Every structure is written in structure tokens, then in C-alpha cells.
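Engineer: Sequence:
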Amino acid sequence: MTIDEALRLIAGTFVLLSVLLGYFVHPGWLLFTGFVALNLMQSAFTLWCPMMTILRKAGLRETR
Numbered sequence: 075m076t077i078d079e080a081l082r083l084i085a086g087t088f089v090l091l092s093v094l095l096g097y098f099v100h101p102g103w104l105l106f107t108g109f110v111a112l113n114l115m116q117s118a119f120t121l122w123c124p125m126m127t128i129l130r131k132a133g134l135r136e137t138r
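Under this note's numbering, the letters of the sequence shown match residues 75 to 138, in that order.
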């Protein structure tokens, strides 16, 4: 698994989990969905994502 694939998997999991928590537990969890969205948008402009730094340190490779 590459960094890009892992990043998409993690972001999708966070969004789905936070929406489910917002629906079944408390609407405040939807703020986490907004946080993930803002982080994805800022990474599109700055080309830097904190999760990518973590995944690099975890040893995931850049390309196949």
C-alpha cells in the first residue's frame, strides 16, 4: 500500500466514522468531519498533509 492509498483510506474512514458517530451518538461529532474536510482542502493548496508525514515515518512507500 502506498502513502496515497493509505491517506485516502484513512480520510474516508474518518469521514464515515464521524458521520455515523454524529448520527447515532452526538451531532458534535460532525465537527470532526469538518476538520477532515478542511485538512484535505488545505493540503490541496499547500501540498502538505500531517497524515502523510506520519505515514512516511511509519515506513509506507511513495510509489509502487
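Because the hints were derived from the structure by calculation, they are not lab data.
These figures come from a predicted structure and were not determined experimentally.
Hints are supplied without guarantee of correctness; some may be wrong.
[Unchecked claim] Have a look at the derived ranges for each label pair, beta carbon to beta carbon: (1) 78 with 111: 14 to 24 angstroms; (2) 133 with 82: 14 to 24 angstroms; (3) 98 with 138: 21 to 31 angstroms.
Just so it is clear, CB atoms sit at the ideal spot from N, CA and C, and this is done for glycine as well.
Engineer: Hints first: check each against the structure and report whether it holds.
Structural biologist: A quick look at each hint next to the structure:
no.	hint	verdict
1	78 with 111: 14 to 24 angstroms	holds (18 angstroms)
2	133 with 82: 14 to 24 angstroms	holds (18 angstroms)
3	98 with 138: 21 to 31 angstroms	violated (37 angstroms)
Taken one by one, the earlier hints fail for this structure only at number 3.
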